[in-house]
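Take the sequences, apply the hints, and build the full model.
Respectively, the protein sequence lines represent chains A and B.
My numbering applies: residue 284 is where the first sequence begins, and numbers increase by one.
My numbering applies: residue 284 is where the second sequence begins, and numbers increase by one.
Do not take every clue at face value.
Said to hold, decoys possible - With the C-beta cut set under 8 Å, the calculated list includes, among others, these residues of chain A facing chain B: (1) Ala-293; (2) Gly-300; (3) Pro-303; (4) Arg-307; (5) Asn-315; (6) Asp-316; (7) Val-317; (8) Ser-318; (9) Val-327; (10) Leu-331; (11) Trp-332; (12) Tyr-335.
It should be emphasised that the hints constitute simulated quantities derived from the structure, not laboratory data.
Where is the CB? At the ideal position from N, CA and C, for every residue including glycine.
Number of protein chains: 2
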Amino acid sequence: MLWSIVGTLAAICTTIGYIPQIIRGIRTKNLNDVSPMMLTLLLVGCSLWLAYGIHLKDPIIALANGFTLSFVITILLLRAAYKKNNS
Amino acid sequence: MLWSIVGTLAAICTTIGYIPQIIRGIRTKNLNDVSPMMLTLLLVGCSLWLAYGIHLKDPIIALANGFTLSFVITILLLRAAYKKNNS
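Structure (structure tokens):
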């Protein structure tokens, strides 16, 4: 019971962690320091985790990585949009 | 067998994903656009995942999050150092 709370809290932290990055990007209109290679590797990784979670029928792995994937895609799109506007 | 490869590849991508961010930071000497709140939430999340992985005796969860934790701490320390130098 305690450990399932630890696991759930872990998944929540590493998922909602990307929301402050989205907010910071929208506020400063600049995401140049954020590595596009990091975002690409996270995109591939989260897609594979999502497939793995669906295969295992594990709702925590699937949901956490589904949300993280959508946040990472948002950061990638914002970064590209701001880079275009700033150049 | 196929699915354990998918899970392992997923863990590798979401772990090594932070290395390009460290390299970019060292190259540009600037990590200002990277959200410190994101890094803090990832630090807490990976610590909990590491504890959860050790509890489950799952080497993939423990190792992946141990490495990710060390990368996130590195990015946090680099960000603080560059912020001090640039101000």
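(message) Would the hint on A/Tyr-335 be counted as holding, given a Cβ-Cβ threshold of 8 Å to chain B?
(response) OK, holds: A/Tyr-335 within 8 Å of chain B, min 5 Å.
(message) Less than 8 Å between beta-carbons is the criterion; does A/Trp-332 satisfy it with respect to chain B?
(response) It holds, given that the least Cβ distance between A/Trp-332 and chain B is near 4 Å, below 8 Å.
(message) Restraint: A/Val-317 near chain B, CB-CB cut 8 Å. Satisfied or not?
(response) holds (6 Å)
(request) Using 8 Å as the Cβ threshold, decide whether A/Ser-318 counts as touching chain B. (result) holds (4 Å)
(message) Is the interface hint satisfied for A/Gly-300? The criterion is a beta-carbon contact with chain B at less than 8 Å.
(response) holds (4 Å)
(request) Would you settle whether the hint for A/Asn-315 is holds or violated, based on the nearest Cβ-Cβ distance to chain B being less than 8 Å? (result) holds (6 Å)
(request) Against chain B, run the beta carbon of A/Ala-293 and see if the smallest gap drops under 8 Å. (result) holds (4 Å)
(message) Quick check on the hint: A/Leu-331 CB to chain B CB, less than 8 Å?
(response) Status holds, d = 4 Å.
(request) Would you check whether A/Pro-303 satisfies its interface hint, that is, whether its CB is within less than 8 Å of any CB in chain B? (result) holds (4 Å)
(message) Take the shortest C-beta to C-beta distance between A/Arg-307 and chain B; is it under 8 Å?
(response) Where the cut-off is 8 Å and the nearest Cβ of chain B is about 4 Å from A/Arg-307, the hint holds.
(message) Quick check on the hint: A/Asp-316 CB to chain B CB, less than 8 Å?
(response) Check passed: Cβ of A/Asp-316 comes within 4 Å of chain B, closer than 8 Å.
(request) Please verify that hint: A/Val-327, Cβ, nearest Cβ of chain B, below 8 Å or not. (result) holds (5 Å)
When the structure is compared with the earlier hints, no violation turns up for any of them.
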